[in-house]
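Based on the provided sequences and hints, a complete structural model is requested.
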Amino acid sequence: MEQGVRRLVLDVLKPHEPDLPELATRLSCIDGVDGVNISLVEIDQDTESVRITVEGDRINLHNLKDTMKDCGASIHSIDEVSVGKKLIKKTLT
Amino acid sequence: MEQGVRRLVLDVLKPHEPDLPELATRLSCIDGVDGVNISLVEIDQDTESVRITVEGDRINLHNLKDTMKDCGASIHSIDEVSVGKKLIKKTLT
Amino acid sequence: MEQGVRRLVLDVLKPHEPDLPELATRLSCIDGVDGVNISLVEIDQDTESVRITVEGDRINLHNLKDTMKDCGASIHSIDEVSVGKKLIKKTLT
Amino acid sequence: MEQGVRRLVLDVLKPHEPDLPELATRLSCIDGVDGVNISLVEIDQDTESVRITVEGDRINLHNLKDTMKDCGASIHSIDEVSVGKKLIKKTLT
Amino acid sequence: MEQGVRRLVLDVLKPHEPDLPELATRLSCIDGVDGVNISLVEIDQDTESVRITVEGDRINLHNLKDTMKDCGASIHSIDEVSVGKKLIKKTLT
Amino acid sequence: MEQGVRRLVLDVLKPHEPDLPELATRLSCIDGVDGVNISLVEIDQDTESVRITVEGDRINLHNLKDTMKDCGASIHSIDEVSVGKKLIKKTLT
Amino acid sequence: MEQGVRRLVLDVLKPHEPDLPELATRLSCIDGVDGVNISLVEIDQDTESVRITVEGDRINLHNLKDTMKDCGASIHSIDEVSVGKKLIKKTLT
Chain A
5 MEQGVRRLVL
15 DVLKPHEPDL
25 PELATRLSCI
35 DGVDGVNISL
45 VEIDQDTESV
55 RITVEGDRIN
65 LHNLKDTMKD
75 CGASIHSIDE
85 VSVGKKLIKK
95 TLT
Chain B
5 MEQGVRRLVL
15 DVLKPHEPDL
25 PELATRLSCI
35 DGVDGVNISL
45 VEIDQDTESV
55 RITVEGDRIN
65 LHNLKDTMKD
75 CGASIHSIDE
85 VSVGKKLIKK
95 TLT
Chain C
5 MEQGVRRLVL
15 DVLKPHEPDL
25 PELATRLSCI
35 DGVDGVNISL
45 VEIDQDTESV
55 RITVEGDRIN
65 LHNLKDTMKD
75 CGASIHSIDE
85 VSVGKKLIKK
95 TLT
Chain D
5 MEQGVRRLVL
15 DVLKPHEPDL
25 PELATRLSCI
35 DGVDGVNISL
45 VEIDQDTESV
55 RITVEGDRIN
65 LHNLKDTMKD
75 CGASIHSIDE
85 VSVGKKLIKK
95 TLT
Chain E
5 MEQGVRRLVL
15 DVLKPHEPDL
25 PELATRLSCI
35 DGVDGVNISL
45 VEIDQDTESV
55 RITVEGDRIN
65 LHNLKDTMKD
75 CGASIHSIDE
85 VSVGKKLIKK
95 TLT
Chain F
5 MEQGVRRLVL
15 DVLKPHEPDL
25 PELATRLSCI
35 DGVDGVNISL
45 VEIDQDTESV
55 RITVEGDRIN
65 LHNLKDTMKD
75 CGASIHSIDE
85 VSVGKKLIKK
95 TLT
Chain G
5 MEQGVRRLVL
15 DVLKPHEPDL
25 PELATRLSCI
35 DGVDGVNISL
45 VEIDQDTESV
55 RITVEGDRIN
65 LHNLKDTMKD
75 CGASIHSIDE
85 VSVGKKLIKK
95 TLT
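Protein chains in written order, with the numbering used here: chain A, 5 to 97; chain B, 5 to 97; chain C, 5 to 97; chain D, 5 to 97; chain E, 5 to 97; chain F, 5 to 97; chain G, 5 to 97.
Just so you know, the hints here were simulated from the structure itself, not pulled from any lab data. All C-beta atoms, glycine included, are put in the ideal place defined by N, C-alpha and C. Incorrect hints may have been included.
[What the hints assert, rightly or not] Below, simulated DSSO-like cross-link-like pairs (lysine-lysine); rule was C-alpha separation at most 27 Å, straight line:
#1 G:Lys93 / E:Lys69
#2 G:Lys93 / E:Lys90
#3 A:Lys90 / B:Lys94
#4 C:Lys73 / E:Lys93
#5 E:Lys73 / E:Lys90
#6 G:Lys73 / F:Lys89
[As the list claims (entries may be wrong)] Counterexamples of contact, computed for chain D against chain F with all Cβ distances above 12 Å:
#7 Pro19
#8 Ala28
#9 Asp50
#10 Asn64
#11 Leu65
#12 Asn67
#13 Asp70
#14 Met72
#15 Lys73
#16 Ile79
#17 Lys89
#18 Lys90
[Unchecked claim] Here are a few chain D residues that sit away from chain F, every Cβ distance over 12 Å (derived from the structure):
#19 Leu17
#20 Arg62
#21 Ser78
#22 Lys94
This is how it looks when you write it as structure tokens:
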């Protein structure tokens, strides 16, 4: 049986609003999401770079992308993804 | 059901008074807060930069901002926020 | 009795499509695979370098290579492999 | 209910006497203190810089300051404080 | 009673074939071997440097050397060895 | 009730004799000492610098200093001391 | 009662023969030794520098020195020793 996504780490550019707690709360409501962490990387005048980690079980990527779009946030890159019944973290070089 | 905020890391500028134990004690009384850590980053003549970590369950951000204001402290940035039934810590690059 | 492969770390070059969640999902369906992590190393115009970690029990390498090929991904090198009833991780120098 | 102080890290300047074991023993006798660690940072001719960590439950700051004063030690800065039913350690940048 | 070898870390030069999964699988079949990890250190045109970690109980070194030879691999150095009923890892300087 | 010393880290200069195992054994016999570690820092022609860690319960400092003296060792500095029913380790800056 | 040596870290110069597995095996047979780790530090033409860690209970130092001598190995320095009913590891500066 196909396994769902368990963990995602995203590099995201967002406007100042919604703020981090608001965006994290919205993401935490998505189907299959158990927890969200957003960390600030850099603040510019109109935007901020953040690193978003999402963990859960069969995370609904479609809804996640929609929520990002609704918040005016653009995903620069997916930096890490984990799939499968065993959660594997990134292997450092 | 919407999940509340579980963890916040704040970059804050504050006057010397109230001192760190006093400010931490006030923050620990806020609804949903289970623990507070304040670490000194830099002392200047009239102000000090501190890093505040707050953990709990459905932390009341409104009260938190009010308490900060009452203490003359200004939040420079929210550096990290965690939301959801699973507490996710920051992913290092 | 011959032991199967328990863990693989691969250095892979892939086109942008399928994206990381899609590729990880396909790899997670392979016989003997319990978990997959894909981490982004570098993005170029048409391709991206990724580091893929696969864990499981008697991972079917033949299917793994076929799936990579189907996705247009080429394995640059096998950086780490673990075999045996005890899972041994890489020893740092 | 107001929570007491659980952990303090202090940057302190002290004369050579009382020595570290003596000062630590005195601090350990203060109300609410469960453990004390004193680490030497630098020795000068007449004074020494030390880093004092105190953990406990509702640590009596008033008594702590009095004890410091009695020992001729001056608190240069409070580098870290933890309050609340959950003990939160410093978040590294 | 004499204790057998519990852990070995080897610095090895090998031809590209057999590849890492194949070599690891062969080594995992040796008497007394419970697990094998092979990590790539450097690839050259005709050869590759690898770091091999073998754990087990009374590892048969004779068979291990024979298997290496059969695979065209030469042991440059034994970087670490553990013997005894308690497995001791390398002490960092 | 006054708490005793639980842990001491000492910077010590000693002659080559008694050697490290002999000195550690003598220190381990002191009242209240449960364990001793001596690490070599630097060897000179007639002396060696060592770092001594002693853990226990109500370590008898008087006896410890006497034993050091008997062995011709001089305590350059007490680098760390822990007192109290909870053993607190050094807080890194 | 006098406590025995629990842990030793030695800086040793040895000829190429006996090799590491052979030397480790011989050391593991000494009275009071539960485990031995030998790590290679540097290889020269006729000799090699190794770091030997021995753990056990009341390790017989006399036999250890004899075995070293029998193997043509010379102990350059004892870098660490632990004695007592509680095993204390080296404290980093």
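Check each numbered hint against the structure and report the violated ones by number, ascending. 1, 4, 5, 6, 8, 22
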